[in-house]
Amino acid sequence: MNVTALLLALMVAVVSGGTATAEQPAATSSDCATCHEETAVQFAKGPHGRAMARTSPETLARSCTGCHGDAAEHLQDPTTANIRRIPGPEVCAACHEKAAREIRLLAAGHAHGERGCLECHASGHQHAAERLLATEPAALCGRCHSRETAAASLPFAHRQGREPFPCTACHSAHDTGAIDRPSILGVRGPCAGCHADKAALRVFEHPPREASGCTSCHAAHGSPNARMLVRHDPAILCIECHANLPSSHDLNRGRYRACTTCHAAIHGSNRNSLLFDD
Amino acid sequence: MTAFGVARDRDAKRTTLLHPALLALAVMLASRAAADEPGARWAGSIGVGAVGSQVSGSEESFRTQHDSRSGLSLESLLLERRSATDPNAGSVVQAWGFGGAEPSQHARFRWSDGGPWGLKLDYDRRRSFFALRDEETLSHRRDDWSLTSWHGRVKWDGLRAATVSARLHRTTRSGSVERPFYGLSETYPLRVALDDATTEAAVRLETKTLPVRIELEQSWIRADRRDRYSPAGETAIAIPDPDELAGIATTRNDRQSGPSTVLTASGATTRMELLASAVYMPVSLETRGVTATTFAVDGGARGSAEMVDLVASSADRATTAATLRLGLRLTPSWTLRLDADHRDANTDGRLLGERLLRLANPDGPAVEFRSPVDDGTRFESTDQRTQLEIAWSRGAISFATGGFEASRTVRWNLAEERETAAGRDSTGTLFRLGWQGAGVSASVEHTRGTFERSIFRTDPQTVDRTSLRIRARLGKGWEIHSNGRFENSSNPQAVAGLDHDSASYGAGLAWTSADGGESFGVRADSTDLRAETGVLPAGGATPVSIYDLSLLTATAYGNVSIRGVAASAAATRVRDRGETWPVASWTARARLVAPGPRHTDVAVFGEYSSWDQDRGDLDDFDVFRYGIALVWRFD
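Chains as they are written, first to last, in the numbering used here: chain H, 1 to 278; chain E, 1 to 635.
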């Protein structure tokens, strides 16, 4: 038995050693740098390269083939036909598993068709903005969402001082939590993250459930109207739903066209059904 | 505050002090910048304006509607500081409206250390105005008060599992109201000096890592009302009467206080979304003090009648409310939504004291009649509503239908009496159809509610509501939007013959440039309202009260930049063609901003307001306001 086991082990060693001897060694980044020297240097300096170097030197050495695939044939015959020139999303997903799962499930618009990770992210070969984005977030999002990014320049928009909010202040391209998820109930979207006091559930709610939450009155990306309202005249906005007013509200008088002068708790109240106070 | 006199306007004094305090804060912060950490970035702007006005017609009527005045104005103050080492750390100060020319003033302060700490402070003050002409006797009401609100919130996000915040809110109202007061079978003018204050403190916990997000807020509130009365005139308002209001005063103080607990839970998966909240508010109410009213009968020739109210009251009111919203995505196309609300308010009250009537004859001794009061009351109202909705969507089309059921029950009794109850149930259906295609969205919704029984004779028994919305992006920045809302509520002739019809509809066209720097829009809206209510008959045929309003509103607005000069303008025309009180009005504003030397902008602006009644011209006005502002930018 012992002799049999020894012979089997010897056979395995010979076969694997022979196989190993017969295999070509995997290409390393040093091999690729023979032709792509500048690219390899830039990659090593970039966030992907630095992260890989922190893991281990061997990981950095495999950085090129990790995204571009096996380079054995390419090393012998360097053409674009025998190498994966532009990696697809499945390559990124090998490391960025969580992001890939979320984007497929919940931000499907960003995962449709040919729109892969490299539509928004840089590979690490060249200079990139924060989070390895291909360019600044506003310009990046504006490639497809030009109307929304232009709205940030309207007179009334979300700003910190004079700087407009970045898109990622409210939206996550990958979806990182329930707040960004398309709401089944149609209320309490990303606004609640900062405006918790406005979006909180209250005993006497406003806007009511048949309205679409905050966006029934506010243009979230920007508006030419004060308070980012969707109508220039706030009274017209209120009258869209509340035309059936008591006769004591003489709508042709300016006093009764400034609704929030009295109905101050316009986002809801725990104490007063007419939203007179909070 | 004097016991029987006019309240000192403490709010006005605070505001007077606040303006230089804010400016001092701005200067201090600006000078602090010089000694700030190296590399800290300061930026901001300050705009100061002067406003004048030219009035023809009734200036008081103009102030009743708009209350915009002449004088200096702090148009805008913005001061922003960003840390050199952390772009997320810094503070922002904003203020606008101060100076007296505008009816409201606002200030904001935001601070963040770039880490877990954040601070928000808000100040808002607005005037409420309803100053009729001195000769106007139609409604005999005049408002001249201001509401001031302070709101502070500090947030700490240093825990991995939760965010903690604390909030302090104080609102005060001061000024005066004049309104009719009923005594000795006539109405007399009463002036109420207002002194109301509400203070609320709260702590809040929001979880971050639990699968179900929990928000718990515990607050304490105290509201005090110390209004004081005085006569605004001696003689009766409507009909000449020899009896005069010789005096009225009160030392009455009202106080409400109590805790409030709000618990909210929300969670979502790809197939389900849940929102639930519960509120519990036990509040104590207490009123103590004396109110005394004195009439000079026949001008004093026949003596005087004095009514003294020495009744103190107290009450405990407990409010509980719960809300549940549940959404289930049954399939990619089918969704089920459930909404349920329950609200119960229970008040136990007590009255203890006496009411005194003292009659004094000029020739003889006074006679007193005392009426002791010792009573308890109980009042409870319970509201419930449940709505179930099923929705289907595929591609551009969506459809939803459902029904709702609601009830209101009101119970009350005095201590010695048996409980009386009244209830009102309602059921209803809803229907919604929507279409959302490439740049176009449209929806129509109809709800019908029917109510059993009326608690008040003007309660409707049937309400029909239809809403329409259309929004279309036409490309190259163009957009059209249109909406309509049609509502009818009615009850049978045997109740009040209520027939309340309203129709509000409008359409608009808007354009925004590709970079968002320019935009304009036009919109026309029509609001028709006709309310007919049967008045309680005094004999013979039942008269009908009719209120008829037919408003046509047209608005145009825009902003554009030409060779560095920014122009913005808006104009609104309102025409009431109804039968009750037809009137036409204009409101227009225009503003030009041009860059000046040394990081300044110079703005000139003009506003026009007019009011033209068809029947009479006592309240008509034409007002032109104009002004200039200088904005200095620094960074």
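Just so you know, the hints here were simulated from the structure itself, not pulled from any lab data.
Treat the hints loosely; a few may be bogus.
[To be verified] Partial selection, computed: residues in chain E whose CB lies under 7 Å from chain H: (1) S314; (2) A315; (3) D316.
[Stated by the list, open to error] Straight-line alpha carbon distances no greater than 20 Å define the calculated SDA-like cross-link-like pairs of lysine to any residue that follow: (4) K198(H) to S266(E); (5) K198(H) to I221(E); (6) K476(E) to S30(H); (7) K155(E) to P189(E); (8) K476(E) to A264(H); (9) K155(E) to T187(E); (10) K198(H) to A166(E); (11) K120(E) to T55(H); (12) K45(H) to Q76(H); (13) K198(H) to K208(E); (14) K120(E) to F109(E); (15) K155(E) to P240(E); (16) K45(H) to T55(H); (17) K198(H) to T270(E); (18) K45(H) to S30(H); (19) K476(E) to C238(H); (20) K120(E) to E206(E); (21) K45(H) to V203(E); (22) K208(E) to F109(E); (23) K120(E) to P164(H); (24) K198(H) to N88(E).
Glycine included, each C-beta is placed from N, C-alpha and C at the ideal position.
Against the structure, the hints come out as follows:
no.	hint	result
1	S314	violated (19 Å)
2	A315	violated (15 Å)
3	D316	violated (16 Å)
4	K198(H) to S266(E)	holds (16 Å)
5	K198(H) to I221(E)	holds (19 Å)
6	K476(E) to S30(H)	violated (51 Å)
7	K155(E) to P189(E)	violated (49 Å)
8	K476(E) to A264(H)	violated (38 Å)
9	K155(E) to T187(E)	violated (52 Å)
10	K198(H) to A166(E)	holds (16 Å)
11	K120(E) to T55(H)	violated (42 Å)
12	K45(H) to Q76(H)	violated (27 Å)
13	K198(H) to K208(E)	holds (19 Å)
14	K120(E) to F109(E)	holds (6 Å)
15	K155(E) to P240(E)	violated (61 Å)
16	K45(H) to T55(H)	holds (15 Å)
17	K198(H) to T270(E)	violated (25 Å)
18	K45(H) to S30(H)	holds (15 Å)
19	K476(E) to C238(H)	violated (29 Å)
20	K120(E) to E206(E)	holds (17 Å)
21	K45(H) to V203(E)	violated (47 Å)
22	K208(E) to F109(E)	violated (26 Å)
23	K120(E) to P164(H)	holds (19 Å)
24	K198(H) to N88(E)	violated (23 Å)
When held up to the earlier numbered hints, the structure conflicts with 1, 2, 3, 6, 7, 8, 9, 11, 12, 15, 17, 19, 21, 22 and 24 and fits the remainder.
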